Amino acid sequence: MSVTQPPLNSPEIRRVEPLLEPGHTYASVTDKIAAVVLTRPLGIGWLAGFTITFCAVMLLFIAVSWLIIKGVGIWGINIPIGWGFAIVNFVWWIGIGHAGTLISAILFLLNQKWRTSINRFAEAMTLFAVACAGLFPLLHTGRPWMAYYMFPYPSTTTFWPQFRSPLMWDVFAVSTYGTVSLIFWFIGLVPDLATLRDRAKKRYQQVIFGILAMGWRNSARHWHRYQSTYLLLAGLATPLVLSVHTVVSFDFAVAIVPGWHTTIFPPYFVAGAIYSGFAMVLTLAIPLRKAYGLEDFITMRHLDNCAKVMLATGLVVAYGYFIEFFMAFYSGNKFDVFLAEQRLHGPYSHFYYALLLCNILTPQLLWIRKVRRNVLALFIMSLVINTGMWLERFVIIVISLTRDFVPSAWGRYSATFWDYATLAGTLGLFFMLFYLFVRGLPAIAISEMRELVHETDSEDHQ
Amino acid sequence: MMEHRSHLYGVMGEFETPEKLLAAAKKTRAAGYVHVDAYTPFPVEGLAHAIGFRWTAVPLITLIGGILGGLTGFGLQYWCAAIAYPINIAGRPLNSWPAFIPITFELTVLGASLFSVVGMFALNKLPQPYHPVFNVERFAQGSTDRFFLVIEARDPKFDLAGSSRFLQELSARFVAEVKDEK
Numbered sequence: 001m002s003v004t005q006p007p008l009n010s011p012e013i014r015r016v017e018p019l020l021e022p023g024h025t026y027a028s029v030t031d032k033i034a035a036v037v038l039t040r041p042l043g044i045g046w047l048a049g050f051t052i053t054f055c056a057v058m059l060l061f062i063a064v065s066w067l068i069i070k071g072v073g074i075w076g077i078n079i080p081i082g083w084g085f086a087i088v089n090f091v092w093w094i095g096i097g098h099a100g101t102l103i104s105a106i107l108f109l110l111n112q113k114w115r116t117s118i119n120r121f122a123e124a125m126t127l128f129a130v131a132c133a134g135l136f137p138l139l140h141t142g143r144p145w146m147a148y149y150m151f152p153y154p155s156t157t158t159f160w161p162q163f164r165s166p167l168m169w170d171v172f173a174v175s176t177y178g179t180v181s182l183i184f185w186f187i188g189l190v191p192d193l194a195t196l197r198d199r200a201k202k203r204y205q206q207v208i209f210g211i212l213a214m215g216w217r218n219s220a221r222h223w224h225r226y227q228s229t230y231l232l233l234a235g236l237a238t239p240l241v242l243s244v245h246t247v248v249s250f251d252f253a254v255a256i257v258p259g260w261h262t263t264i265f266p267p268y269f270v271a272g273a274i275y276s277g278f279a280m281v282l283t284l285a286i287p288l289r290k291a292y293g294l295e296d297f298i299t300m301r302h303l304d305n306c307a308k309v310m311l312a313t314g315l316v317v318a319y320g321y322f323i324e325f326f327m328a329f330y331s332g333n334k335f336d337v338f339l340a341e342q343r344l345h346g347p348y349s350h351f352y353y354a355l356l357l358c359n360i361l362t363p364q365l366l367w368i369r370k371v372r373r374n375v376l377a378l379f380i381m382s383l384v385i386n387t388g389m390w391l392e393r394f395v396i397i398v399i400s401l402t403r404d405f406v407p408s409a410w411g412r413y414s415a416t417f418w419d420y421a422t423l424a425g426t427l428g429l430f431f432m433l434f435y436l437f438v439r440g441l442p443a444i445a446i447s448e449m450r451e452l453v454h455e456t457d458s459e460d461h462q
Numbered sequence: 001m002m003e004h005r006s007h008l009y010g011v012m013g014e015f016e017t018p019e020k021l022l023a024a025a026k027k028t029r030a031a032g033y034v035h036v037d038a039y040t041p042f043p044v045e046g047l048a049h050a051i052g053f054r055w056t057a058v059p060l061i062t063l064i065g066g067i068l069g070g071l072t073g074f075g076l077q078y079w080c081a082a083i084a085y086p087i088n089i090a091g092r093p094l095n096s097w098p099a100f101i102p103i104t105f106e107l108t109v110l111g112a113s114l115f116s117v118v119g120m121f122a123l124n125k126l127p128q129p130y131h132p133v134f135n136v137e138r139f140a141q142g143s144t145d146r147f148f149l150v151i152e153a154r155d156p157k158f159d160l161a162g163s164s165r166f167l168q169e170l171s172a173r174f175v176a177e178v179k180d181e182k
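Sequence lines, in order, name chains R and L.
Numbering-wise (the numbering used here), the first sequence opens with residue 1 and increments by one.
Numbering-wise (the numbering used here), the second sequence opens with residue 1 and increments by one.
Simulated from the structure, these hints should not be mistaken for lab results.
Keep in mind that this is a model prediction, so the values were computed, not measured.
Some hints here could point you the wrong way.
[As the list claims (entries may be wrong)] Computed footprint of chain L on chain R, listed as stretches where at least three residues anywhere in the stretch have a Cβ under 8 angstroms from a Cβ of chain L:
id, stretch
1, 26 to 32
2, 176 to 184
3, 187 to 199
4, 218 to 227
5, 236 to 246
6, 439 to 452
Ideal Cβ placement from N, Cα and C applies to all residues, glycine included.
Next comes chain L alone, as it looks inside the complex:
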């Protein structure tokens, strides 16, 4: 027999509307919980802020990607045209930079876009096929019309009975333990 060790990941509360979830998230943070996450079938304005998520590195990563892409684009063309394969055509300048602008621009956009998307997925730690929240059966409805709030067990204030009661008091219509089976 394989040994199944299952430990507690957190408690999950289900809310009917994004407004109720948002209010609950704010109260949860106000009550001193730190490791909180919310799950909604579409982005809800202010929710990330309410669970204490303020800053994302995505714009910075995008900027870096754009700068690298642009430098690569111009550097490549300069190196090809002026160093590796210089062709003297009636004494025209080898570093004919205006002609290099279109490709520099295209590679700037390409670099920024690829960095942005790859960076976003990497920061989100995706792809990630398994996550404890999927163990809750009702969570499958979370991509349709349910709104969930999870208080994680690693939170210093977390205790199963207390946190479950807390979610119920916040008018969650359903509260469940989230088990992590690894």
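Here chain R stands alone, though its shape is the one from the complex:
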């Protein structure tokens, strides 16, 4: 008896959902992506978006200037809630940054071809998110001009940093992550910069891209070393990306504060980071493909895969919430039990319920194929999940700090105008940088797309 079933790589199955719409050539993918940078005029949408985000950046400058003049007293923080919006926002932004490296490094090692058209802008997203994240610990010190104290340097005080503190680990983890993400992004860009250099018609474009491309000439020897470095960087970035949010979670988990001191934190933070990062990838990809007609490259299959990653990491996050609860009661530690009850019934319980709604209930819709195919639904869901992930950090930080061991140390926290202004300002900074990136550099990796064309062609010929 024989059941005829087409093999998995048969055209019938593979062509159902192409990674790249058929009919593209090396030149057509190059033209289409390069044109966004080189020739396309600035549209009204771009100008409007840029103006709005630019204004938000001005708001950030005002908020930061006022902070430096007056000190952190302009924020809602107090004793005992010393970590308010600043740390919530820091963890949120750094989490968003994780998807870029996950897509470029981990999916590269796993040989997932669908990463090709989304890795470039996801890496840019990582850089901008890390830039926003990095602001907060600095500002949070109250005296950002003293931040160099955190670096080990020989000083007249003969002090040295305390390397046993997770806060120091954080300094090294975040700065290493920022640096490695930047060089990974840059070496990915070099061949594309050479393409832009060769295609640029305007003198200033030739000069700028010429300098940035560093004389890249697509030599086979160069490609060989390049690929070797790219693979090694992917291998190095993979444990790095997992370590960064692990270290961020240590900021909490190493402390003995109820609700923080749990071993589930590192994996659950990493999953949460990827979750929010993929949500942000969708938030950016959906308008991007629409605005620049890139639907051929960022296909429904990409959006569908991102949605599936969100669903999977969302379930890990849900498991994390469950285990936090379970361990509180299973341990019998009265402070942990009390904290769990405070999450459900305390003064900030509405944040907790909103969090469950955003992060656990809403994404369950992603089980439905129709929802994963609906661009608008995905876009809304990505915003909801990012809100949920922000709430998660708020719940972790504020509820624990307002309800620790003795009632005399309890407190209340509410954010001020300047807290919101700083958050809105970093959102503005993030999106403004993204607006500039989209028009200044190729948002999709052109040389990798040509490789994809080549692979798709070879499959057709088989």
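Knowing the structure of chain R, use the given hints to seat chain L on it.
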């Protein structure tokens, strides 16, 4: 008048597809040419091998960078915590190595990544704003959809007429001299 001395860098053949280029590269090597390079708008599997490029020092450099980074990371923390600024907290050990692991790891990754990238560019002799191949006008298409093979003039087997004919016989659709104007 400035004196312009231009000498021959090599001959360049243009191919339509990566497969044709790969086949041509193999035949060129088989014909005894040594100083050959190929130019493709995306990495083509097996091409570096076909032009006789087998070994790269990039992984070794990366490893060295990682080891140096890791030693620096641990050494820095050990020196700060145990030698330069020892603090006795309830008799706990000064060399509290488990607490030093995260930064050691981060600096290992940082060292390896920086060495890898800087090493790769250095081995490729980049940045290099000028290279003779850019003198061929059609080479600008080389970063879009053309595939080039260059036989360099310093090759012992090289002679302009013979090598050009050789490339043409390999079905190059366009053959040009590459001039080096220095």
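Results for each hint:
With 3 residues having a beta carbon nearer than 8 angstroms to a beta carbon of chain L, the stretch 26 to 32 of chain R meets the requirement of three or more and the stated coverage holds. Three residues within the 8 angstroms Cβ limit are the bar, and the stretch 176 to 184 of chain R against chain L gives 5, so the coverage statement holds. Given a C-beta distance limit of less than 8 angstroms, the hint that chain L covers the stretch 187 to 199 of chain R holds, as 7 residues qualify and 3 suffice. Counting residues of the stretch 218 to 227 of chain R whose CB lies closer than 8 angstroms to any CB of chain L gives 10, which reaches the minimum of 3, so the coverage claim holds.
Given as covered by chain L, the stretch 236 to 246 of chain R passes the check, having 5 residues with a CB less than 8 angstroms from a CB of that chain where 3 are the minimum. Counting residues of the stretch 439 to 452 of chain R whose CB lies closer than 8 angstroms to any CB of chain L gives 4, so the stated coverage by that chain holds, three being the minimum.
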